[in-house]
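Undergrad: The hints should help you fit chain B onto chain A, whose structure is shown.
One line per chain: the protein sequences are A and B, in this order. Residues in the first sequence are numbered from 27 upward in steps of one, following this note's numbering. Residues in the second sequence are numbered from 172 upward in steps of one, following this note's numbering.
Calculated from the structure, these hints are not laboratory results. Backbone N, C-alpha and C define an ideal beta-carbon position, used for all residues, glycine too. Keep in mind that a hint or two might mislead.
Unchecked claim - Below, simulated SDA-like cross-link-like pairs (lysine to any residue); rule was C-alpha separation at most 25 Å, straight line:
#: 1; chain 1: A; residue 1: Lys89; chain 2: B; residue 2: Met172
#: 2; chain 1: A; residue 1: Lys144; chain 2: A; residue 2: Tyr37
#: 3; chain 1: A; residue 1: Lys89; chain 2: A; residue 2: Pro187
#: 4; chain 1: A; residue 1: Lys144; chain 2: B; residue 2: Met172
#: 5; chain 1: A; residue 1: Lys144; chain 2: B; residue 2: Gly261
Said to hold, decoys possible - A few chain B residues that don't get close to chain A, going by computed Cβ distances all over 10 Å:
#: 6; residue: Leu181
#: 7; residue: Pro241
#: 8; residue: Thr277
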Amino acid sequence: MTPRAAFWLGYRDCAPFILVVIPFATLFGVVARDAGLDILQTMAMSVLVIAGASQFTALALLKDHAPVFIALLAGLAVNLRMAMYSAALVPHLGHARLGTRALMSYLMVDQAFAVAVKTYEERPEMTRPEKVAYYFGVMMLICPFWYACTFAGAVIGRAVPAEMSLDFAAPVCFIALIGPLIRSLPHTVAAVVSVLAAILFSGLPAGLGLIAAALSAIIAGAQVELWLRRRGHAR
Amino acid sequence: MISDSAFWTLTVCLGLGTFLIRFSFLGLLGGRPLPDWLLLHLKYVGVGVLPALVTPMVLWPAATGGETDPARLIAALATLIAALKGTVIGALIAGMGTLYLAQYLTPHL
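In isolation and in its complexed conformation, chain A is listed as follows (with noise of 0.2 Å):
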C-alpha cells in the first residue's frame, strides 16, 4: 500500500460517520445562532476548538450566565478523554515531526481516533508514513463537512421558527452522545451519579454545581471499577 492509496482508504473508512457529523454540525450552527451569536463567532468557535461537545456544552453555560472560567472549566472537562486518545495514538504517529504532530493534533476528533486507531490494530503491517496517511485521510473527509455545516446551521438558524423548540436540540445531541458511552457497570453508576449528584447540587451558583456533579460521577466510576477489579471482574 502506498501512501497514497492509504489516504484514500481512510478517506472511505470514515465515510459512515458523515452521518454523524452533518447533523452534529449543523445542530451547533443552529443553536448558536440561537444563543445569541454571530455567523463569524459560530464558525470561530468551530474552527478553533473543533470538539461538538465541548462547544455544546460551553455555549450551554455561557448562555446560562455562568462565569466565564467556569464554562472553560466545563468545556475542557468534556475534552479531557482527549489526552487518552493523545497517548494511544503516540505509538503509532508519534514518529512523525513536529508540525505534522501539531495538525494532527489539532484534527484529534472522537471519529478520526476511532476508525485510525482500529485500523492500525487491524492491520500491522502498516508501515508508518502509511499510518500518517491514513489519519489525514480520515480528517480530510470529517474537517470540511463540520466547517461547511456549522456555516450553513448559522446561516439557517435565524429563520427555524420557535414552535420548532430548538432549544432542546442542545440535550438531545448530549443525551445522544451519553448512549454510547455507557458501555458497562462503572460507566452506568458514574451516569447515574452524575444526574443525582446534578438535582442534589442545583442549589449551587451556575457551574458549581456541574462541576460538583462531575467529580463525584467520576470517582464514583472510578471506584466501581476498582471494586470489580478486586472482585475478579476486570473488563
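TA: Same frame as chain A, now just chain B:
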C-alpha cells in the same frame, strides 16, 4: 445574551486548551505513559460530565421559564432509550420526533 468579551475569551481559551489536551502526549510528552490513577479517572470524565450537564436542561428547561415540561421529559427518555439501543443519528431523530409528537398531543407551549 452573551457578551462579546465573554465569548471571545471563552472561545480562544477553549480552543487553546483543547489543542493542548490533544497535543499533550503526541506532541509534548512523547511516549511517556499516563499514571494509572489518572487513566482510571479519565475513562469516566465523559460519562460524568454530560449527564450532569443535561439533567437541569431536561428538568427545568429555559424555554418554559424553568417549569418542568412533560413533553420534554418524554422526549429526553425516548432519546436515551434510542441512544442506548441504537445509533447517535437514531437518537437525534427519536428525541426531536418524540418532542414534536408530544407537543402536538399536549398543546400548551
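Undergrad: Among all the numbered hints in the text so far, which are the ones the structure does not match?
TA: 4, 6
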